[in-house]
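Put the two chains together into one complex; each comes in its own frame, and the hints tell you how they fit.
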Amino acid sequence: MTLLYPWVLGVGGAFMGLMVLWHILRPKSQVRVIPSIQLWRDLLPESQSYRPIHPPQPWWLLLLRLAIVAVLTVAAAGPILVAERVPQHLIIVVDTSASMAARSGSTQRLDEAKRIAQNLVAAAPAGSDVTLMRVDADVEILASREPDRTRLNQRIDQLAARPVAGNLEQLVQWLGALAGRTSQIYVLSDDARLGQYAWPSAWQRIAIGGAIRNDAIDDVQVDQLPDGWQVRVRIRHYGDATTSARLIEVRDAQGGLIAANQVQFDADNQFVWAFDLPEPVPTLQFRLAPDAADGLASDDVVYWHTADEQPIRIALQIDDQRFVPAALAILPNIQLVTDTQQADMLIVSGQVLPTTPTAPMWLIDAQHDEPTLVDRPVLERVSLSGSESRLNRDIDVTTTQILTATVLDVPLWGQRWLTSASGTHAYLGTYNGYPTVVFGFDVRQSDLVLRPEFPLLVRNIIEYLTPVTRQSRWQTGESIALGPSDTPPQLISMPPGSSARIERIGSQYYLLDVVTPGLYQLSTRTLVVNLQSRVESDVVRPDQVPVVDVPSATVGGLTLTQACIFGALLLLAGERWLAITQRRVT
Amino acid sequence: MDVARTDNPVILTDTQLHWLRQLQLPWRAAATQGLTGERRSLTGRGNEPELLRRYQYGDDVRRIDWPATLRLQRPTVRQPLAVMPGRVQVVLDTSPSMHLIPSKWQVARQLYASIGVVATAHADMVASVHGSVVSPWFIDTSKWIDWASAVQPSADPFVGPTDLLRSQMTVFISDLWHTDALQMIRQLAHQTSHLIVINLLSFSEVEPAGGDEITLRDSENATELTVTLSPQLIARYQDKLDAWRTTVRQHCQTLAVDYVACHDQQSLPSIIAEVLQ
Chain V
1037 MTLLYPWVLG VGGAFMGLMV LWHILRPKSQ VRVIPSIQLW RDLLPESQSY RPIHPPQPWW
1097 LLLLRLAIVA VLTVAAAGPI LVAERVPQHL IIVVDTSASM AARSGSTQRL DEAKRIAQNL
1157 VAAAPAGSDV TLMRVDADVE ILASREPDRT RLNQRIDQLA ARPVAGNLEQ LVQWLGALAG
1217 RTSQIYVLSD DARLGQYAWP SAWQRIAIGG AIRNDAIDDV QVDQLPDGWQ VRVRIRHYGD
1277 ATTSARLIEV RDAQGGLIAA NQVQFDADNQ FVWAFDLPEP VPTLQFRLAP DAADGLASDD
1337 VVYWHTADEQ PIRIALQIDD QRFVPAALAI LPNIQLVTDT QQADMLIVSG QVLPTTPTAP
1397 MWLIDAQHDE PTLVDRPVLE RVSLSGSESR LNRDIDVTTT QILTATVLDV PLWGQRWLTS
1457 ASGTHAYLGT YNGYPTVVFG FDVRQSDLVL RPEFPLLVRN IIEYLTPVTR QSRWQTGESI
1517 ALGPSDTPPQ LISMPPGSSA RIERIGSQYY LLDVVTPGLY QLSTRTLVVN LQSRVESDVV
1577 RPDQVPVVDV PSATVGGLTL TQACIFGALL LLAGERWLAI TQRRVT
Chain X
110 MDVARTDNPV ILTDTQLHWL RQLQLPWRAA ATQGLTGERR SLTGRGNEPE LLRRYQYGDD
170 VRRIDWPATL RLQRPTVRQP LAVMPGRVQV VLDTSPSMHL IPSKWQVARQ LYASIGVVAT
230 AHADMVASVH GSVVSPWFID TSKWIDWASA VQPSADPFVG PTDLLRSQMT VFISDLWHTD
290 ALQMIRQLAH QTSHLIVINL LSFSEVEPAG GDEITLRDSE NATELTVTLS PQLIARYQDK
350 LDAWRTTVRQ HCQTLAVDYV ACHDQQSLPS IIAEVLQ
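Sequence order for the protein chains is V and X.
Be aware that the first sequence starts at 1037, since it is given in my numbering, and climbs by one per residue.
Be aware that the second sequence starts at 110, since it is given in my numbering, and climbs by one per residue.
There's no promise every hint is true.
Claimed, not checked - If you want a taste of the chain X side facing chain V, the calculated C-beta under 8 Å gives, among others:
| # | residue |
| --- | --- |
| 1 | T324 |
| 2 | L334 |
| 3 | R345 |
Claimed, not checked - A few chain X residues facing chain V, derived, Cβ under 10 Å:
| # | residue |
| --- | --- |
| 4 | S206 |
| 5 | L209 |
| 6 | R295 |
| 7 | S313 |
| 8 | E316 |
| 9 | P317 |
| 10 | G320 |
| 11 | I323 |
| 12 | L325 |
| 13 | S328 |
| 14 | L338 |
| 15 | P340 |
| 16 | L350 |
| 17 | W353 |
Read the hints as simulated data drawn from the structure, not as lab findings.
For glycine and all other residues, C-beta sits at the position ideal for the given N, C-alpha and C.
Extracted from the complex, chain X is given alone in its bound form (with noise of 0.2 Å):
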């Protein structure tokens, strides 16, 4: 079977490892204040180490080397490599609103994987916060793969980390469904450099099913709410929908964070490619 590990449920097949190995994490060219290492510029000019790697979909063009192009008749990127490793963590909410829906659940542990075999790939350093279970950093790939297959859902609600590692980078994956979901994401900017923000729902979050009369149940505080799930309403929940992610969008370019709006249906490439850029 194709998998990244037989012993674990399946996360990442080796085709997605092999994929995901390619890529390389967006980091910005500004330090993390107090950090031991640094991180070079995109453009890895001067005299760092650099290595010369075939082009790939999705690499900035400004790092074509056209001499080394013509030379090996392939195109070929010049990519810095780190004086130190970079860190980053990865945020996950495993709250019974994630993992309600199966296919959402293993999108979200997908990507959470995905962004520490990206990271490890280019020994940088990975490290996780879910739930009030904080990681060892990883460097090894397969150990981190290990770790991101042991992760377990949560019967609790989502309550954001008082205080993250030390890291260039946080990734939180979340469906946001906490009140004080912009004041989570206003803490997690100011303790980290670079924050990207994967809002994930599932597609029955995006395009509702209709129905006469259905008791909708929350499943994190048991409310309920019984409605007739008519066109009408359905468009209306999605105006809103749409409306809320729009104010999640706008206050996270005010904080500089990145934001990714996705959901369980989307292939794990798209995603990532998002994510990356």
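Okay, chain V solo, but in the shape it has when bound (with noise of 0.2 Å):
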């Protein structure tokens, strides 16, 4: 047996010393011999028998508890049974590539696939044979049957991370001749997809961190310019993980918006940024944005249509920004068009809003001939009453903050609607016969676009401007009654990790469980779980600790940690039943 974490037997023996400290210094209650107890205890009865808060606790009690602590700790450390300790052929896969340079606190995600590895060696049987080989874009043997365990460790030290994404794939298929012939294969990965796979079932998968978002703010420099101060931000991406649209923001101690900016990496998986404050800030906060969810209601809502609906064409004018694309890519039923003409509505930005419209139209940063600029409104109210209130729906916009906005003449035909102390910064009406929406301020000058609700805005204005009846939303969870039918629908896609359930029930088919983010393709109809909440994910973060799924050999069908924990419960069970016992004896 070999432990994964041999540390936390450190932290489980210092624990143990606290337990048999207190033992010993634990304030016990004062004895006082008196000559008779009879009146006392005729006071108290039984049936109101005082429980001391410091019941006098004998040594055997204190080493059951201490058992109890040792097994918990036992399992903690991640323990590996190797079943059989005859001679085996290990074959250990560590994945190289960038995202394993990730750092989680103080150690490099490699690192602590280094130590498993190394860990994996000490506890092979005595004449075991070790194939060490690594993965990242392709596939490298660096010891092949290998029994000298010094040279294997001095390989692993060796490991490197590469500045290359990784390809498990071909490692599967490299693998997969080997399947049956071998009984001991660790990969050890930090891939998002490592459970995704068509792995042998007898291969072990250690999964190390995650890689759902492997994107980290790696450097940040302050210089002192001449006329202010320069910040240069550095933002690395470690691949393996699908990159989406993301917006770094820089905001001071008291939460005010100070500067952001769209991340876009360069060949070499990385972006620089740089910006000039003109006075020091003493506090800098920058985050990677969307991340975590922010609680809203509209973050547990299922979105859906149906295929013989006709699709919502948009023609896209807009300067070089990828949020509202990303925003549209996630709403259902929306096809992008490159003629205006055909084009069910537009979405313009910096422009003017033109004398005669062909379409219905959203106008964002609209262009004046004076403008009124003012710095860092906040939206202190959103307005807004009746039919157009359904702007606002799922979403709550009145803490936006925009770094530079212009305060927009509202005309006659136009109705306020996002308005901060300085004026009207948003309004819609009907111009000319056409829905319009007006924006006198570009997106990514706000953190409107940072909040996970951001595509129901988008969703909320395009349903203003092109008014038709849809089906709207479920809750996560909750199952979508998929209509009548003979056949049941076929699931032709869905996000990755999903298990789309359908299931029958009376006449109506169902879909069932819907609660992991992504897009859902359905033969007759489409769904959106929104992709920004942790509320309707399972979906680890890669900050969080690192997942260790370890199926090793197994003590009676159990592996040897849920052996462990089994035994501590039954220990624990005995442990209550005793003191129990115990307390009702004094």
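Next comes the structure, spelled out in structure tokens:
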């Protein structure tokens, strides 16, 4: 048996030491010998017996508790039972892709993988030989059937991450021929899709970290210039995980927005951004967004549409920004077109309102002849009522901050929507027969796009501009009725890691347990689960504790960890019984 | 040192001995059936021999001999002399509950010795029963004090005497912390014509000190009870103690038994005065 995390034993030992100290030094109730307790007992009958806060504890109860802690400590240390102590051929594959260079605290993921690999080598039965491999963009054998453990540990120490993305699919194919010829293959990787490959069931997979969003702020430098300060931020993408629209925001200690920018990685998987500060700011807070859910009601919503509906054709005429297209990409039933004559609506940025519109229009960062610019307005109020109030559905933008915004002159046909103390920054109305929405700021200059509900804001605007009757929403996890049919709807695609269940209940087919975020496409319908909410997803974020998934040899059908926990529970049951009995005796 | 005996632990000082010798046990007029001697009436009228002595606090005013008082120019009482010596026996509870608290044990021994001193000072006889030890009859004060000084505490719970010595008066000194205390008083009352029960407690039993979380351990059977001695609980305890003593007192009244409740912080004279009344 070997331990994946031997340092846990130290923590457990220290805790047990504290338990012994507490047993010795714990406050005990003062004993007062009196001639007779006859009257006191009459005063406190057994039914109202007083339970001492610190009842006396016998030493054997302490030993039992120490045993429970010891067993739990072993369970937490990640025991791996090498079932057969006969010489084996062990294959250890270490992921050396760029993402393994990501740091969690002071250690790299690769360091953790190396440590686990060396533990596996140490635990191999005497006489075993080990094949060491690395995998990133390609697969390489570093040591073939090597029996010398010192040499193996040296090779493991020499492993280093390379600036390339991993390709575990190639590894699966490469090792496929070995299936059945060896009993011990360990793959140490942080690939988010580790559990999705068609691994033979006997293989062991050890997941390190997670790679949902494998990017991080790598470096921040502040340089003093003659006329101010310059801040340089470097963000690195570690590969493996898909990239999506990201934005970096900089705030001061009070949470005020100072700067924001889109993240666009270059060929080296880096993004370097420099911005100037006219005056020094004592504390700068950097955040890559979107990240955690914000707890809005809209986070827990499923949107869907039927294939029978005509898609909404949208013509985009916007500057180089990815947030609006990213929001459109996760909304169902959207078709982007280039011919504005064929479009159902237009999204335009950096232009003036045309005098003769040809379609419903969302005008972003509307240009004025004499713009009145204001810095850092905060949207204090979101007005609208009646049918226009649908624009505020599921969203709350009242705390949105904008770096620079134009104060708009609201025309007679316009109705104020987004306002601040400085004035109106967005309005809407019917302009020459077409529904129109006008924004007086660039969405990239606001933290609006950082919010999980930004796609919902886009959806509300689209629904306002192209009013058609649509089926709207379900709660995540809620079963969705797919309608009566003799043949079940065929699932065409679904988000990675999800397992959509379609069941027939009566004459109706239902899609059950819709919780995994992503785009589901069925034969007749498409639905979207909001991507940015942890509420809706069981996805583990990369900055959390590494997940170790080691289905090793078993004891009576249980893994060693499970057996330890089971034993601890039995001991705990015994301890409770004895403790209660002891209390009754005293 | 002003002590009665120097070779034994201090029980009674010379001052206390002097004072005790002037007191008299409260003999009842009725003779004890089967005894060889008889006690005279309290008034002492008739041809029985009598003794004139100076009036003392506590004497029955009916005993004042007014002619002698005028003659001698001091209050003088007429005390009848016994035809036969009176017999008093003292039953002392020597169980752990009695000697756990030294001051309580000291007062118990002083009361025990004092009863014998008062008896022997007037040529009456005293004997004692404590534990399984039964003493001979004493008529000499010094020998009685020697005996009383040698009384040892017992490690066993108190068990009442199965057979009492034949006497006109029995004095039972105990804290009555027995589950069968009332039955024991009844048994003693049936075996003697005049029973005096001295219920002696320590002051800490009457006024317990408070405390947060205290495990109370019984001195006799070592059973424990953990309590928070809050003022409310102490008040409830004192109410319970008062109720218990009232029950004992009423029980004694129905049996024509004298009952004296006291604690170890009271002065010996005050307890003795109450007993002899």
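Results of checking the hints against the structure:
1. T324: Holds. Min distance 5 Å.
2. L334: Cβ of L334 of chain X sits 5 Å from chain V, so the hint holds.
3. R345: holds, 6 Å
4. S206: Where the cut-off is 10 Å and the nearest Cβ of chain V is about 4 Å from S206 of chain X, the hint holds.
5. L209: holds, 5 Å
6. R295: violated, 19 Å
7. S313: Constraint on S313 of chain X satisfied, holds at 8 Å.
8. E316: violated, 13 Å
9. P317: Because about 8 Å separates P317 of chain X from the closest Cβ in chain V, which is inside the 10 Å limit, the hint holds.
10. G320: holds, 7 Å
11. I323: holds, 5 Å
12. L325: holds, 5 Å
13. S328: Holds - the Cβ of S328 of chain X comes within 10 Å of chain V, reaching about 5 Å at its closest.
14. L338: Given a least distance of 9 Å, the restraint on L338 of chain X holds.
15. P340: violated, 14 Å
16. L350: holds, 6 Å
17. W353: It holds, given that the least Cβ distance between W353 of chain X and chain V is near 7 Å, below 10 Å.
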